[in-house]
Amino acid sequence: MTATLGDNFLEKICQKIPLGRLGKPEEVAGTVRFLALDPAAQYMTGGHCYDVDGGIAMTAA
76 MTATLGDNFL
86 EKICQKIPLG
96 RLGKPEEVAG
106 TVRFLALDPA
116 AQYMTGGHCY
126 DVDGGIAMTA
136 A
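Using the numbering used here, the first residue of the sequence shown is number 76, and each one after it goes up by one.
These are calculated hints, taken from the structure and not from any lab test. Predicted model, so just to flag it, every value in this text is computed and none were measured. Each residue gets a CB set at the ideal place from its N, CA and C atoms; glycine is no exception. Wrong hints could be hidden among the right ones.
As the list claims (entries may be wrong) - Pair ranges (Cβ atoms, derived): (1) Cys124 <-> Met76: 16 to 26 Å; (2) His123 <-> Glu101: 18 to 28 Å; (3) Leu85 <-> Thr106: 20 to 30 Å; (4) Leu80 <-> Arg108: 36 to 46 Å; (5) Ala115 <-> Cys89: 27 to 37 Å; (6) Ala115 <-> Gly81: 40 to 50 Å; (7) Leu80 <-> Ala116: 26 to 36 Å; (8) Thr79 <-> Lys99: 17 to 27 Å; (9) Leu80 <-> Gln117: 31 to 41 Å; (10) Ala115 <-> Asp82: 36 to 46 Å; (11) Gly130 <-> Thr79: 24 to 34 Å; (12) His123 <-> Thr79: 11 to 21 Å.
Work out the full structure: start from the sequences and follow the hints.
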């Protein structure tokens, strides 16, 4: 997905992410798996947004 983006552009993006890197597919998949299968998520209902973004949403002004 990022193959067409230049290294300079990706570096600038990563500098803005508190964790300093792009997320991995398995990190997003882990959240989906938890919500779909984990008994701890059974009482959760819709209307929520789970940011799996390395903390960048917390830095938006």
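These are the hints, each one checked on the structure:
About 21 Å separates the C-beta atoms of Cys124 and Met76, a value consistent with the hinted range of 16 to 26 Å. Judged by the Cβ atoms, the range 18 to 28 Å given for His123 and Glu101 holds: they are separated by roughly 21 Å. The supplied range of 20 to 30 Å is met by Leu85 and Thr106, whose beta-carbon atoms lie about 22 Å from each other. Here the CB-CB span from Leu80 to Arg108 is close to 28 Å, at odds with the stated 36 to 46 Å.
Restraint check, Ala115 to Cys89: a C-beta distance of roughly 31 Å satisfies the suggested window 27 to 37 Å. Separation of Ala115 from Gly81 is about 41 Å and conforms to the stated range, judged on CB atoms against 40 to 50 Å. The hinted range of 26 to 36 Å is satisfied by Leu80 and Ala116, whose Cβ atoms lie roughly 33 Å apart. About 19 Å separates the C-beta atoms of Thr79 and Lys99, a value consistent with the hinted range of 17 to 27 Å.
For Leu80 and Gln117, the Cβ-Cβ distance of about 39 Å falls inside the hinted range of 31 to 41 Å, so the restraint holds. As the Cβ distance of Ala115 to Asp82 is approximately 40 Å, the hint placing it in 36 to 46 Å holds. Separation of Gly130 from Thr79 is about 25 Å and conforms to the stated range, judged on CB atoms against 24 to 34 Å. A C-beta distance of roughly 32 Å is found between His123 and Thr79, which places it outside the suggested range of 11 to 21 Å.
In summary, the structure is inconsistent with hints 4 and 12 from the numbered list given earlier, while agreeing with the others.
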